[in-house]
Every structure is written in C-alpha cells, then in structure tokens.
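Number of protein chains: 2
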Amino acid sequence: MSEVETRKTQSSLQDQLAQIHDLLERQRQAEELLRRHGGEHTQRAENLMQRQNRAELQKCLDGLHPADIAYILEALPLDERLIIWQRVKADRDGDILLEVSDAVRETLIADMDQGEILAAVEPLDADELADLLEDLPPEVLPELMASLDAQQREQVQAALSYGEDQVGALMDFEMVTIREDVTLEVVLRYLRRFRELPEQTDKLFVLNQDNVLTGVLPLKWLLVNSPDKAVGAVMARDVDTFQPTDDADDAAQAFERYDLISAPVVDAEGRLIGRLTIDVMVDRIREESESEALGRAGLRQEEDIFSSVWASVRNRWAWLAINLCTAFLASRVIGLFQGSIEKLVVLATLMPIVASIGGSSGNQTIIKIVRAIATDQVGTSAIWRLWRKELGVAFFNGLIWGGVIGVVVALMYHDIPLGAVMTVAMVLEQMLAALMGVGIPMLMLRLGRDPAMGSNIFLVFMTDSGGFFIFLGLASLVLFHH
Amino acid sequence: MSEVETRKTQSSLQDQLAQIHDLLERQRQAEELLRRHGGEHTQRAENLMQRQNRAELQKCLDGLHPADIAYILEALPLDERLIIWQRVKADRDGDILLEVSDAVRETLIADMDQGEILAAVEPLDADELADLLEDLPPEVLPELMASLDAQQREQVQAALSYGEDQVGALMDFEMVTIREDVTLEVVLRYLRRFRELPEQTDKLFVLNQDNVLTGVLPLKWLLVNSPDKAVGAVMARDVDTFQPTDDADDAAQAFERYDLISAPVVDAEGRLIGRLTIDVMVDRIREESESEALGRAGLRQEEDIFSSVWASVRNRWAWLAINLCTAFLASRVIGLFQGSIEKLVVLATLMPIVASIGGSSGNQTIIKIVRAIATDQVGTSAIWRLWRKELGVAFFNGLIWGGVIGVVVALMYHDIPLGAVMTVAMVLEQMLAALMGVGIPMLMLRLGRDPAMGSNIFLVFMTDSGGFFIFLGLASLVLFHH
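Same order as they appear, the protein sequences are chains A and B.
So for the first sequence, this note's numbering puts the first residue at 1; every next one is plus one.
So for the second sequence, this note's numbering puts the first residue at 483; every next one is plus one.
The hints are simulated quantities; they were obtained by calculation from the structure and are not laboratory data.
For glycine and all other residues, C-beta sits at the position ideal for the given N, C-alpha and C.
There is no bait here: all hints are sound.
Which residues of chain B face chain A? A few of them, derived with a C-beta cut under 10 Å, are:
#1 Trp703
#2 Val706
#3 Tyr740
#4 Ser771
#5 Leu776
#6 Trp792
#7 Leu806
#8 Ala812
#9 Gly821
#10 Thr847
#11 Lys850
#12 Lys871
#13 Glu872
#14 Val875
#15 Phe877
#16 Phe878
Below, computed lysine-lysine pairings styled on BS3-like, alpha-carbon distance capped at 30 Å:
#17 A/Lys59 x A/Lys89
#18 B/Lys825 x A/Lys343
#19 A/Lys229 x B/Lys711
#20 B/Lys541 x B/Lys571
Covered, in the sense of this in silico footprint (three residues per stretch, anywhere, with C-beta under 8 Å from a C-beta of chain A), are these stretches of chain B:
#21 550-562
#22 670-678
Build out the structure end to end from the sequences listed, making use of the hints.
Encoded structure:
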C-alpha cells in the first residue's frame, strides 16, 4: 500500500542521505575507537553507542519508500552501500532491487546468499520477476521457478519470450476484467470484493467469453454513469491496444501523446494477455533519453558512479579505440601536407581552428536530425529541403565566422592571402559539416542502425580530416603554387 | 472525450502523413495544370478533382487526434503546414496549439487573425490558456481577458505568476473535492452528478471548511470499500503535496519515483490551490532531456526543422562564436611552439591525436558527472572518491592507448624518444581530461549554473589547449634540449 508511505521531496531526501552518511561515519569512528582501546569498560560503552546508532539508522530506513532506499543505495560507495543493504527489512528487498539501476543491482545481488535472494523475489509479481531474472545467479533459478504456481510460471515465460525493446517485456498481468452484459451496479459490487485494485488502474477491461477484448470501462465513466446502465452501453469500444511484439518506444510515444495511464495488450486474435502502465512507460522514456546521451559520448552502458576503475575502463574502452583510429587517420591527412607546413609553420597553428568549428557545427546539425528521425518526422521528400537549408545555414555561418577569423589572421601575420585561405576554408568546412551532419544519420538509418549511436564519431572523423585537408590543401594551392 | 477518439500507432501515423503529403501534391499538380491551360472546360474538370481531393483531406484530418495533427503539422514544411492548418476544424485549434512545439506554434499563430485566435483559445482551461498566453499577439490579450469570468481570470493570473521552472506554472485547476465527514455512498452519488470527471483523476481531494487539504481518497479505495464507511475513515492522510514554488524537475522526479498520477498543490497554509498530473510531468521529463541534449550541442532552443535559414543561423550563432574564441586560444598555444614544429614538422601531425582523445574521454567523464549531479547523488564526500577513481581510469586508458600509439609512432618514424613523448603526453592528457571532467561541472554547480549547459565547451578548450601544450612542451623539452 505504497499510497500511504511517506514520500520525500528532493531536498528532504538529500537531508536523509546526509544523516545516513553521518550515522555510518559515527559508527566507523566507534569501531575504530573500540579497536584501539580494547578495555572491557570502554568496550561496553562503545557497544551501547553503537546500538543507539544502529537503532537510529534502522528507524531512518524503515520510514523510507523503496524508491528512496534505492536512491540512497545508488548514492553510497560500495562498502557503505552494503552496510545499508543488510539493514533493510528483507520483505522490501525485492521492491528495492526493482528500483535500483542495473549496475547497482549487480553489487547488491552479489552480496546476497541463495536463501536471501529467494526470499526477496518471491513476493514479486510475474512481470517484475521476469525483469530481475537475468540478473539473478543461475543456480537459484530452478528453485525459484519451482516455487511459482502454473499461471505465474506461464506469465514469467511469456514476459521472457519478448525482446527488451518489445511491449511484451514491459507488460504486467494485473488486469481487472468484466463482462459487458452486466450493469455498472454489478461491477461496483464486484470491485468491493477486492481488497485492493492494482496500481495504475484507471480502466477495467471488458472481455467476451473467448477472452477477446471488446472494450474498456474507465473508472471515471463507471463513477459518473447511472448504476443501472449496462457495461456495454457505457464502455468505449474503440480502444488503443498494443501487441506484445510492438516496439516499446513507439508505445511510450503513444502513452505520451495520448496521455494514457494504462492500456491493454492483446494477441493477434484480440485476446487480452496483459497491460501496459504509465509508470513503466515513464521509466522507459527516461532510460531511452539517458542511453541516447550516454551513447553519444561513447559509453556502452550506465555506470554505477562508484564502480571499480577496471569496470569503467572496460566501459569506455571501445570508444577510445575507435577514436584513436579516426584521430590517427586525420593525422595522416596532415602528414600529406608536411611540406607546406615546413614552408609556413603558422599553418600548423591555424588548422585546428578550422577542424574544431566544423566539428561543433556538424554536431549541432546531427543532433537536430537525429531528433527529427527519432520522431519519424523526416520523410524522403523532406531530406532534400533539410539538406538545402542546412547548407544555407552553413554557408552563412562560414562566411561570418570565417570572415572574422580571416581578418584577424590577415592582420596578425600581415598576410592577406593567408587570411583569404582561412575564410574560404571555413566556408567549405562548414558546408562539409552540414552535408555530413545530415548525411551520416540518414545513412545509418538506411543501414538499419540507430543514428543516435556513433553518428558523431564518424562526423568528427570527417570534419577533422576534411578540415585539415581543405585548409592545408587550399593553402598549398594558393600560397605556394601561384 | 478524447478517450474514444481513434489513436494511431507510429506506423499508421506515418502512413497518414504520407497520404496527406500525397493529397497536397496532387492538389498542387491540379493547380499547376489549371494555371497552364486556362480553358473553361478543363477548369471545370480540375475544379471537380480539387474538390474531391479536398474532401478526402478533410475526412483524413477530422479523424485524427489533436496530438496527431500536431505531429503532422510539425513534420510539414511551412507552406504545406499552413494549408493543413486552415483545414483543421476551428474548435480543435486550441488543443492543437497546446500540443505543437513552441517554434511551430509561432508559425501557426502568425497565420491566424485576431478573431480566429480568440475562438481557438476560448474553450481552453485556465492553466492551458496561461501556457499559450506568452505566444499570443499582445493585441488580443485585453479582449481575451475580458471574455473570462472572475475565477478563470484569477487562475490564469495565478499560473502566470510563477516561473517556468516552478510547479505553479504546471498545475491545473481541475480538482474534484469532497468533505471527510460524508460516507462513500454520498461521494458516489455526488460523482454521478458530474457529466464527466477531469482527465487524469485518480484521487479525490478531501478538504475541511477552510479549504485546507486533510487527505486524499484514491478512486481505487472509493471502489473497494464499503459505501457506508466515512471518507475520513478510508482516506490517506499522509499525502504527497507540492507547493507552487517547488522546483518543477524535482516534482517530475517525485512523480517518476513514486508512480504518481495526480498530486495536490497547496499553499503555505495547506489550502488546496491546484493539482499536478502525470501527463504534464511526462512532457516535462521529455523536454528536460531534450533541452539537455540541445544545450550540450550549443543550440539555444528547439528548432522547427523547417525554420528559415536565418532563424537557424541565429540559434547557433553564440555557440560558434564562443567556440571560435576557444579554438583561437588553443591555436595560440601551438604558436608558442612554432620553433619546435619548424625543427620537427611531424609534431604538427601528431598533436591533434593527443587533443582529440583527451576531448573524448573528458566528455565521457563529464556526462557521467552531470548525470550524477542531476540526481543529486554526488555529495561533497563523494567528490574526492570520484576524482580519485576518474584519475585512475584516465591513467590506465592513457597508458594503454598511449602505449599503442607510442609504439606505432616509434616504428613509423624510427624515433623511440618521439614515441615515448607521445605515450607520456597521452597519459598526462587523459589525467587532465579527468580532472577537468569532474572539476568543471562541480565548479559550475558551485557557481549556481546548470552544469549540463556549456560544461563541454570549457572542457574542449582545456583538453585542446592542454593537449597541445603537454605534447609540444614535452617534445620541446625531451627532443631538443637534452
């Protein structure tokens, strides 16, 4: 009955975190003291203090919502995290495991023995269990599956049979169903037999005798209509349904667009098999945007901020390796023009300016295009328009900023041709960046890949090598061969 | 009654968009034909065709949810967008204006005359009106405010009195309130007098005679409890409330963390003044992550993808200007070592590798830290740990990839000292990037600024200048002065 648990505002949660930190610190000090002066008298006094500390900590934890405990666990370094985790009442372990991030969940599960894990996950619903299953040690699975009843086992298997990005993996099974030929009065009486309705219940699902969904009855409509009307006369027949194989992000967009709270999931024959709820969709929206941000920076996955150095090195490994290759190739482009640089070493000081501005503005373009692709707002007819527009923007930006830097360079080095080369190179580099900023994500889309991931590494490669090539090539042509 | 409007899956919405594109294309061709062969006979035939086209388009639009029309309007270039906008039934204009992005809203409102605007916004609720108000031309405001009743005017003014980032600007005023001394039976009968309950109603607010909130009654609890119980005996007294001055993002996090659907907003004395709902919070979460992504790329605001070249130039202007300055400063650092580059021109080809890898790994660090800051998970005691860890990661990454590139360089140029300089420079540059990746966002936080915005431009400046300085400085010391 989470409805009555005390919730915390962000700032009071911060205070709580500080308090727990404090209690842990005091406890550590007490232990330290105990170790140093081992006398019996002090030992007793310290023990008393420790017990007080512990009691205070326990009181603090017992009053917290599982989501808040999850938050606190994530904010604590591993050693303190595990102290707190051991103090949490066992019956809430499952809920907390569901709330923490994958990286932190691993550290918590690693600290539990088989019996604790089984006790923690047993109270969970089938869909929640399915979410946790892949993180559990394989040796607990047989016993765990044996503890489920036939329906639960079937539900867990159903949830596991869908990919992470499919609606089937996100649905739960807590549907309240009714028949359309009864009156609202009967429905009201039926509901009173429940001790509680499932969380996020804003509508009842209306089924016929074949379990086919024929409509939904929003609770709001149940409440405002006369009790002697039949369900069939009141319900909405035209319902948003999802199929378990639908794309989860599309479903999340539908929830967002149509302000849904819950929606039925049906199979190909229209039979009800589960439901989606807004809370799961909100988590999905958040995760999607986070993984996009992380992916753009080349992080493979969310990191526990207190993970080991080694885990972090592995997480960032691949990106840096790719980056090293592209940077190396870009440096080979510079190598082509060593002769020119030898003749005029100032070229070496100016070339990074061209490459850097190209990278920035290409990145601005890419972010806009990826966003438009994500919402499917870029049709093929729109691409040409977009391309034309981005090239226009690039031309003006190149002219303005290239002009500024060109004048500065011409004045600094008393070399007007060099300034002119700088300006022209900036314009060309800007236009290259615009071409690539639209072209790379569109190409990745065409190749069936997610344009949010890795687009920018190709972009930086193109704008770096291209920028060096354009600037040094132009300089060689204009300054030394005329 | 949006509950019964047909909703579209993402793919069927795509089809719809393609169909509308098609109809607009055919219409354009028809007009073209008409202009070329102006004969009376063809004119009549063309007119007929056009009329059919138009009817089809109208049918297509009338079946769509306002959110879907908004989606289609955003995906169309300006000329086609306005054709569709004129065809949309006037009574839905207001809802659609609420759904479209700010940039697109401007283009739509610019196309409406005063009467159309007034007709569009009049059916809206006070909170919705307040959202639109800043985008409306100032000359319609007096007439608009005059058309509101006293309560609405007060609500609009209340909503406008809060900052964009405060709960007060996001709340609505559609609360259903009850007293705690009545029975559930009375509540049920009271609700039947409503024609409809407000969207997103999952709980009723319980007030005393001073309008102070004393509890909430979730509809679920109303339904499962016996009708002769009193509201006071069933309701939850310990309620999540928000104050209108609370931070909107904190409220969104609370909705996410506690799976809320609606929550009361109360003033300092506990009097109910509005409510927050999950749909608004979801929009907020989405906008927050989008503006973070845009801000990171230096875009001031969301752009209409079909906006004019000029509007885009202005939007990207400031960022490129700052970038030009930092790139220029970095190039001055290279200028310090022109002598060394003249002696060994290969230094110019290698220096961008060091700077580029430093930028990438610094960016990985910054993204992690900004994320941890956004969820308030980094306390002061954690910073030192984080710093130590990131330095460790940087050291290993520098050693590994610096080692690889060092060996490659030593082999390529038959110059072992040069390879060694490369390796050491990479390690130092990685550690500089880690220091800056943690330090810059923390500093921005200390200065009261949003670390998500602009952190990376300082980072790139530091890793570029620093990388050039470290590599060229080391090379000068080791290669020429021993």
